[in-house]
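With the hints as a guide, bring both chains together as one complex.
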Amino acid sequence: MKKVFLSVIGFALICRLNVHAQTIDSLQSKPAPSLYTPVDEPEKRSYDPRQLHVDEVDLVSSYYSQNGDHSAITGGIGSERVTDLSNGLNLKLVWGNPDYKKNTLDLGMGYDYHTAASQAWVSKTGASKTWGNRLYPSIDYTVENPTLRNTFGFGAYYSGEYNYHSLGADIHFSQKTANKNGEFTAKLQAFFDRVTLIYPSEFVPQPTTTTTGGGTVITTASGNTVTLGEGDHVKRNIPTSPRNTFDASFGYSQIISPRLQIMFLADVVGQSGYLGLPFHRVYYNTGKDTIEKLPSNRFKLPLGFRANYFLGDNIILRAYYRYYQDSWGVKSNTAGIEVPVKLSPFFSISPFYRYYDQTAARYFAPYEAHSPTDPYYTSNYEYSKFNANFYGVGVRIVPQNGVFGWQNFHDLEIRYGHYTQTTGLVSDVVSFSLGFK
Amino acid sequence: MTNKLLKVAGCVLLIIGASSCVQVKEYQKNRLNDAEMVLGNRKVEKNELNFESYREAASGANAGKTGGGCGCN
Numbered sequence: 001m002k003k004v005f006l007s008v009i010g011f012a013l014i015c016r017l018n019v020h021a022q023t024i025d026s027l028q029s030k031p032a033p034s035l036y037t038p039v040d041e042p043e044k045r046s047y048d049p050r051q052l053h054v055d056e057v058d059l060v061s062s063y064y065s066q067n068g069d070h071s072a073i074t075g076g077i078g079s080e081r082v083t084d085l086s087n088g089l090n091l092k093l094v095w096g097n098p099d100y101k102k103n104t105l106d107l108g109m110g111y112d113y114h115t116a117a118s119q120a121w122v123s124k125t126g127a128s129k130t131w132g133n134r135l136y137p138s139i140d141y142t143v144e145n146p147t148l149r150n151t152f153g154f155g156a157y158y159s160g161e162y163n164y165h166s167l168g169a170d171i172h173f174s175q176k177t178a179n180k181n182g183e184f185t186a187k188l189q190a191f192f193d194r195v196t197l198i199y200p201s202e203f204v205p206q207p208t209t210t211t212t213g214g215g216t217v218i219t220t221a222s223g224n225t226v227t228l229g230e231g232d233h234v235k236r237n238i239p240t241s242p243r244n245t246f247d248a249s250f251g252y253s254q255i256i257s258p259r260l261q262i263m264f265l266a267d268v269v270g271q272s273g274y275l276g277l278p279f280h281r282v283y284y285n286t287g288k289d290t291i292e293k294l295p296s297n298r299f300k301l302p303l304g305f306r307a308n309y310f311l312g313d314n315i316i317l318r319a320y321y322r323y324y325q326d327s328w329g330v331k332s333n334t335a336g337i338e339v340p341v342k343l344s345p346f347f348s349i350s351p352f353y354r355y356y357d358q359t360a361a362r363y364f365a366p367y368e369a370h371s372p373t374d375p376y377y378t379s380n381y382e383y384s385k386f387n388a389n390f391y392g393v394g395v396r397i398v399p400q401n402g403v404f405g406w407q408n409f410h411d412l413e414i415r416y417g418h419y420t421q422t423t424g425l426v427s428d429v430v431s432f433s434l435g436f437k
Numbered sequence: 001m002t003n004k005l006l007k008v009a010g011c012v013l014l015i016i017g018a019s020s021c022v023q024v025k026e027y028q029k030n031r032l033n034d035a036e037m038v039l040g041n042r043k044v045e046k047n048e049l050n051f052e053s054y055r056e057a058a059s060g061a062n063a064g065k066t067g068g069g070c071g072c073n
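As you go down the protein sequences, you meet chains U and G in turn. With the first letter of the first sequence counted as 1, position 391 gets the number 391 in my numbering; the numbers rise by one all the way through. With the first letter of the second sequence counted as 1, position 27 gets the number 27 in my numbering; the numbers rise by one all the way through.
One or more of the hints may lead you astray.
Below, computed lysine-lysine pairings styled on DSSO-like, alpha-carbon distance capped at 27 Å [to be verified]: (1) K176(U) x K102(U); (2) K102(U) x K29(G); (3) K288(U) x K124(U); (4) K187(U) x K176(U); (5) K342(U) x K29(G); (6) K29(G) x K180(U); (7) K102(U) x K43(G); (8) K331(U) x K187(U); (9) K92(U) x K29(G); (10) K25(G) x K180(U); (11) K187(U) x K92(U); (12) K187(U) x K101(U); (13) K293(U) x K124(U); (14) K25(G) x K102(U); (15) K331(U) x K385(U); (16) K176(U) x K25(G).
Covered stretches of chain U (chain G as the covering partner; in silico rule of three or more C-beta atoms under 8 Å from a C-beta of chain G) [unchecked claim]: (17) 265 to 274; (18) 308 to 319.
It is worth saying that the hints were derived from the structure and are not from the lab. All figures in this text were calculated on a predicted structure; none of them were measured in a lab. Where a beta carbon is used, it is the ideal one built from N, C-alpha and C, also for glycine.
Only chain G is shown next, with the shape it has when bound in the complex (with noise of 0.2 Å):
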């Protein structure tokens, strides 16, 4: 568990360590500004969110349910 945490957080400081050189102007996001590159959830994905959450032992990490609520049928 200690390693694989160490691997995630040497992966994040090697992107942002890295991404840190690159530098993306406003007038260069319109790609990145659109509806479907939002990095999250869409609108019309919580209920699934929810029923996954209650048919499966995993949660959370994905702005979903972590708590509160049944799920209890």
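Chain U extracted, bound-state conformation (with noise of 0.2 Å):
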């Protein structure tokens, strides 16, 4: 009886102090003991997501190895070998409004280096320069408003190499529906550019030069005319001629359920100007050569589908299909297939396969083929009838603490393809992209 009885007055001391260890007074100034260590009050943060910061960085290289024997500037025989090595820098900055709107800036630049074997045959002896450079930057600025779910900006573009030189613009919106599960987009673009009328050296228009009593009449091979005093000089400028571009992009994407979503594309592209190119030859059927000749206009017609699903937990499957028209008679399909399969949630491999055909552009014809009364002529073959296989295989890792550790080395990715052209066409490419955020 005396255990007893002590035992319940323990059992109540115990209850006590632990109604006594409950009070709010004593959680404050004693913190219950646990493995958890509380973090101390956040200092203030240095870091303010408004604020114009770097938000990604993009590296693509490319190398492009081609070869064939229907070279356009030999007039549809000889070699098609090119190399191709290509190198574009992405730089996104962004920054937000008071208003919590979103601005982008895109800073883009990009480098090629290629080398043509036919380009040597500009020249009629083989001896003009087979290589050449391309420079092109870019920028883009964006505004997206997340309470009118909708974007809008405008960027513009230049891409200048020896013989051509383009300079672009264009304006894009976009607006999500009100559940956020459909989205229009459109784009409109403007190209003005400037081809440089480099022709096959048998047809380069000479200078004639004649003596008057005022002076030396110079008329230069653009047709200008020029009079020298005594001790003058005529500086040879190769005349340009125009070619335009006009295009409205417009897409339509809808998620159809978790695991499905498609989307729509049209382009409607208007084209004005120089539109074959003037080291192109022809030769006709009398064995006569002369120079590529195409009509000034030229309407396109793209329309695109494209879904995306997701099959299971690790294999996505990425379609892609278009059907082409446009006003020179080119009628073509392209469809593709990715399918990305995630062998963890940081490495996927992507095998892929395009198929493409198309029909021949009512201008063209091969070697020897055009008659001299043809109003048009092009013996270039990539307005011939052919279908295309491009099929390869590519890589992306993305590690949780950056490829290789380093932290902001985000993504990288490794793609290569091989392409044929039932024209004989054969062409390997292989590209890395290299993402730092």
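So this is what it looks like as structure tokens:
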């Protein structure tokens, strides 16, 4: 009985102590014992998501190698051997507005170096240089309004190489539906290009010089007449010709289910100006050669469809189809499938296949098949009837701690593809994309 | 050509009409938000799109080039 009495008193005492242990004062003064170590009051954060910051830096490099036997420079015969090393750097800057709009500025710079065996034959003797460079900077500004679920922006680009200069600009807009399951996009683009009229050597107009009482009169290769005094020199400028392209691109994407989303794409493209290239030869069925001649207008209508489906937990199906038709008589189908397989959350491997076919443009004929009476003529096999297969594989690595343990090196993609045309053209391309955040 | 355009327009309206009944909530979009599910080209494809547009007569409707640049060689 004594033991029972002492036990009850002891239990009551423990209970009373516990009750005191639960008072607010004691909770505030003494933290409860725990393995969790409470974090001190956070310091005032120096990072403000609205401040201008570099959001992403991307570096994309490719090596392209091609061979074939239908060069347009030599009239549809001859080597099409080309190599191209391409490098592009993109910098994405982001900042916010007090009204929660998000601003994005994309700055890009690209540089290509190529070699082309056929380029030597712009000169009849094969003495022209076989290499060239291209530089192409770009800029794009976009503002996103999350309240209205839309974006608006504009961009500009330039591409310059020895015989071709292009200046482009665009404005773009997108609007999500109220439930954010659909999105409409529109982009209006314009390119103002200049084609330098470098003719095959046998067609280069020669300047003429006549001497009159007032001085020396020179009619240049471009047809300009210049009168020179004693000691003056004339600089030989190669004339250029304009080529303009206007493109209206529209897209609508829709989420169909938690695993499926689709997109419709349509472009309306109009081109005018010098649409051939001045150093492309055409050989008539008489054996005589001339310079490619194509209409000065072209209207293109491509219609595309994309569908992406998440199959199970690790496999994604990415499908694409495009129908294309233009005013030169080309009709084309493109179908592609890519199947990224996620071997882990940070590593995926993506085999892909693309099929392409086209009918010939009505102005195409092979070597020595054109008649001198044809109004337009080209032996560029880009406009011939053919089909093509392109297949390869890509690898994408996005480690949690950054590529090679470098936290800022966010992702790495490597992709190889092999391309064949029924014209005999074969090419290989290997590309690398490095993403930094 | 007109018939084809009408068929495509019909398909668009049909799918948009059918899909308007389905609403996928934000918390159901974890798979749709996966980087591989983006309805567009990969960054690494950029130069592939360029050479395709130079070697083939067709271009456009793929967010690739429709103009600008020569591709002369």
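Tell me, in ascending order, the numbers of any earlier hints that this structure violates. Checked against the structure, no hint fails, so every one of them is satisfied.
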